[in-house]
Amino acid sequence: MTGQPQFVADVDQNEYLPAGRRTVDAIVTVTASGGELRASAPALTAAEVIMIDTSGSMTMPQTKIHEAKKATAVAIDTLRDGVAFAVIAGSANARMVYPADTRMVPADPRTRAEAKEAVARLRAEGGTAIGRWLHLANYLFAYQPAEVKHAILLTDGQNQHETPQELQAVLDQCEGKFTCDSRGVGADWVADELRKVASTLLGTADGLEDPAELPAAFRAMTEGAMGKSVADVKLRVWTPAGATLRFVKQVFPQVEDLTGRGVDVSARIGDYPTGAWGAESRDYHISVEVEPQAVGEELLAARVSVVGVDGPTIQVLTERLVLARWTDDTELSTRINPQVAHYTGQAELAAAIQEGLKARDAGDAETATAKLGRAVQLANESGHTDTAKLLARVVDVVDAPTGTVRLKKQVAGVDAELTNVRSVKTIRVKKKQD
Amino acid sequence: MTDFFCPEHGPPADPEDRFCEVCGRNLRTGEAAAQTAPPLPAPRPSTPAPLPWLSSRAGDGACAGCGARVPAGGYCDDCGRRRAMGSEHAELELPAEPTGGPAAGAIAAVTDKARRPRNEDAVAIGRHGDTTVAIVCDGVSTSTRADTASHAAVEAGMHALLGALADGADAAEASRRGARAASSAARGTGRPEDGDSPPSCTYVSAVVTGEEVTVGWVGDSRAYWLGPQERCLTVDDSLAGRLAAGMAVPPGLADADPRSRALIRWLGVDADGEDPQVVTVRPAGPGPVVVCSDGLHYYLPEAADMAKAAAALGPAPLTVAQGLLRYALDAGGHDNIAVAVLPFPPNEIGVQP
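The listed protein sequences correspond, in order, to chains A and B.
If you're matching positions, the first sequence starts at 1 in my numbering and goes up one per residue.
If you're matching positions, the second sequence starts at 1 in my numbering and goes up one per residue.
So that you can see chain A by itself, here it is in the shape it has in the complex (with noise of 0.2 Å):
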């Protein structure tokens, strides 16, 4: 079929196991293929609502309203003729900027243009409250009938005026309406917040460190959502009678943990959302418990698909199989694999720098450096540059092999947030040529 995008799945395991063993551990790395996909896939229907901050600290500097203004016109330039889109000025309340009424209109040069003036004259003013400007956004997406339902969210300060609850409660009734990709400015955003957005509607997190990066940030969220070409994408998985799916989780590029979000198909049978697809590759990591087989045997642990959803259609757009296999062999059993090795390591520092950092907050030093080490010492094992020098702005590195920190005693608000936003960001370990 022309036009429909390619989906490759591989699958990296060590599927010999000790006679006794039940764990079966593999990493499936899913590929939709790259320039062919979006230059013959028809273009899909799209609308886009964008939410940008408009409290009172946005002013404090002038360059975040400024600038949070000028990437609103670069993410609507962005937008392709036709599609659906819309403008909210978020503070304690969310309000319409463009267009006017509760609706959103076709990009066209006029509709740009307007949207752009409009922009242009906003002014920053009272409080935070994101829950408000979800529902609004929710409230939009849900009159049009668009594939790719994609938002973007700017705050530049904590949510003050709604509790964590009522936040909560709108986030679940968006889940699974649209994604939304969501970035902080300035230094008082709170990352556990935006990683919360994210997480749940299948989007990023970042924080920006300098307002003038804000244009860039909005076309590059703005293109990524333009370039999807499959809508809804879920992973499937199959694991036999008497197994127990241990998780499922996408380790590349962030680490999104997804075994809760399983809907069973059948007893045997669960999905798994993963949102909107362009050309692009993540990695997921599939471990599950079976019921051992005698030495020799061989067992079907699971079965990975990934399905296109279109309504009540359901494609199989690729599946890989993940074995075990007993043996007495031990120089096969004990081999480790490096991939599955490696996304356990990544999972491990995300979950140390988040607990690390929770507990330095909460004046808990020794569980802090406790963990914040440990986050050192695998963010230096696995090359991780980027999320070791983010560490290096909280703790005082005394040896990263071994994780001998120090908690810094003066730490920027911005630096820990910067830290635990990008906590899930993991990197690709280089595979091994066959």
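Treat the hints with care, as some may be off.
Unchecked claim - Label pairs and their in silico Cβ distance ranges:
{"#": "1", "chain 1": "B", "residue 1": "T319", "chain 2": "A", "residue 2": "T244", "range": "49 to 55 Å"}
{"#": "2", "chain 1": "B", "residue 1": "A245", "chain 2": "A", "residue 2": "T244", "range": "53 to 59 Å"}
{"#": "3", "chain 1": "A", "residue 1": "E319", "chain 2": "B", "residue 2": "G168", "range": "41 to 47 Å"}
{"#": "4", "chain 1": "A", "residue 1": "F247", "chain 2": "B", "residue 2": "H334", "range": "40 to 46 Å"}
{"#": "5", "chain 1": "A", "residue 1": "T313", "chain 2": "B", "residue 2": "G188", "range": "33 to 39 Å"}
{"#": "6", "chain 1": "A", "residue 1": "T313", "chain 2": "B", "residue 2": "A172", "range": "53 to 59 Å"}
{"#": "7", "chain 1": "A", "residue 1": "D10", "chain 2": "B", "residue 2": "E211", "range": "50 to 56 Å"}
{"#": "8", "chain 1": "A", "residue 1": "S281", "chain 2": "B", "residue 2": "A169", "range": "44 to 50 Å"}
{"#": "9", "chain 1": "B", "residue 1": "T142", "chain 2": "A", "residue 2": "T244", "range": "28 to 34 Å"}
{"#": "10", "chain 1": "B", "residue 1": "D60", "chain 2": "A", "residue 2": "E381", "range": "46 to 52 Å"}
{"#": "11", "chain 1": "A", "residue 1": "F247", "chain 2": "B", "residue 2": "A62", "range": "31 to 37 Å"}
By construction, these hints were calculated from the structure, which means they are not laboratory data.
Since this is a predicted model, take the numbers as computed values, not measurements.
No residue lacks a Cβ here, since even glycine has one placed at the ideal position from N, Cα and C.
Based on the hints, put chain B in the right spot on chain A.
Same frame as chain A, now just chain B:
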């Protein structure tokens, strides 16, 4: 919801099932099926029209773990166990063609897993015109998924060998082409992660024409001529086999135990890829050719003993093959057994020497 399951074979494929598909136990009462001899798997139904060739590859069947229906070589959709390629027991027969023109006589083959958990032996029989062909491959038990190698090899070998005969190649050349195709098919079953033990198997073919018997082999599966002046036509590819045949010690094996029966040649990813050994004989009179794996010749190594056993079993090739299989099972059946019987000359339906 079902709370009913078989204590030996687990829950039924369909929760509504009243009986275990595997053993027939009543799942409601837990009562075991009436104890009779375990049913022998039915032989593959023979088709009246002569087929070019048949193989012992299993069709769809019940999963050994849970009884669900699984294709051969596939994984059970319920419990995940792999189903072997090979039939636990198979009987193949190409019947004599109706009169009119050159007619090939009946040829037959049987295979059984014996006391092994699965059958890694594979056998195929076929014919081209009045030339008959049998091939046996024995999966090397220490290798991974050996049944995939033996079945891929036996079928690719048969396909290529018959194709070569159709192209006008002589029996020796056709035997070589068959073995080469089998070699690449066995190689193709290997996967990068198989490590030091990729799927591998032995290979032996016999081509019987009105004048000659040609055998080609790699490994220690054998072909016997059991007519006048019976003899084993193959030389095992092991150090002991080579030495017993008066051949030189193969390079690199000077220090090995001269009694070693370990394979020195096989088919698979890690094989040498060299051509098979090929031998052609012109029998002095009619008689049977037996092609078999070591599951049989372990118990009947000497051609004279094999000939005596075959002669006692009667003329029909299927009866001879069944009888030899039974002999090996009764003698212990320690390994998978595959045996094919071809009369020489091919239009002699009786194989009585």
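Is the gap between the beta carbons of S281/A and A169/B within 44 to 50 Å?
-> Given about 49 Å between the Cβ atoms, the range holds.
Would you say the C-beta atoms of T319/B and T244/A sit inside 49 to 55 Å of each other?
-> holds (52 Å)
Would you say the C-beta atoms of F247/A and A62/B sit inside 31 to 37 Å of each other?
-> holds (33 Å)
State, for the Cβ atoms of D10/A and E211/B, whether the hinted interval 50 to 56 Å holds or is violated.
-> holds (54 Å)
Indicate whether the distance between the beta carbons of T142/B and T244/A respects the range 28 to 34 Å.
-> At roughly 32 Å between Cβ atoms, T244/A and T142/B fall inside 28 to 34 Å, so the hint holds.
With 53 to 59 Å as the target window, see if A245/B and T244/A comply at their CB atoms.
-> Holds - the Cβ-Cβ distance for A245/B and T244/A, about 56 Å, lies within 53 to 59 Å.
Cβ-Cβ distance between E319/A and G168/B: within 41 to 47 Å?
-> holds (44 Å)
Mind checking the hinted window 53 to 59 Å against the Cβ distance between T313/A and A172/B?
-> holds (57 Å)
Do the beta carbons of D60/B and E381/A sit within 46 to 52 Å of each other?
-> Given a distance of about 49 Å, which is inside 46 to 52 Å, the answer is holds.
Is 33 to 39 Å a correct range for the gap between the Cβ atoms of T313/A and G188/B?
-> holds (35 Å)
When you take the CB atoms of F247/A and H334/B, is the distance between them in 40 to 46 Å?
-> Between F247/A and H334/B, where Cβ atoms are some 44 Å apart, the hint holds.
Hint violations for this structure: none, all hints satisfied.
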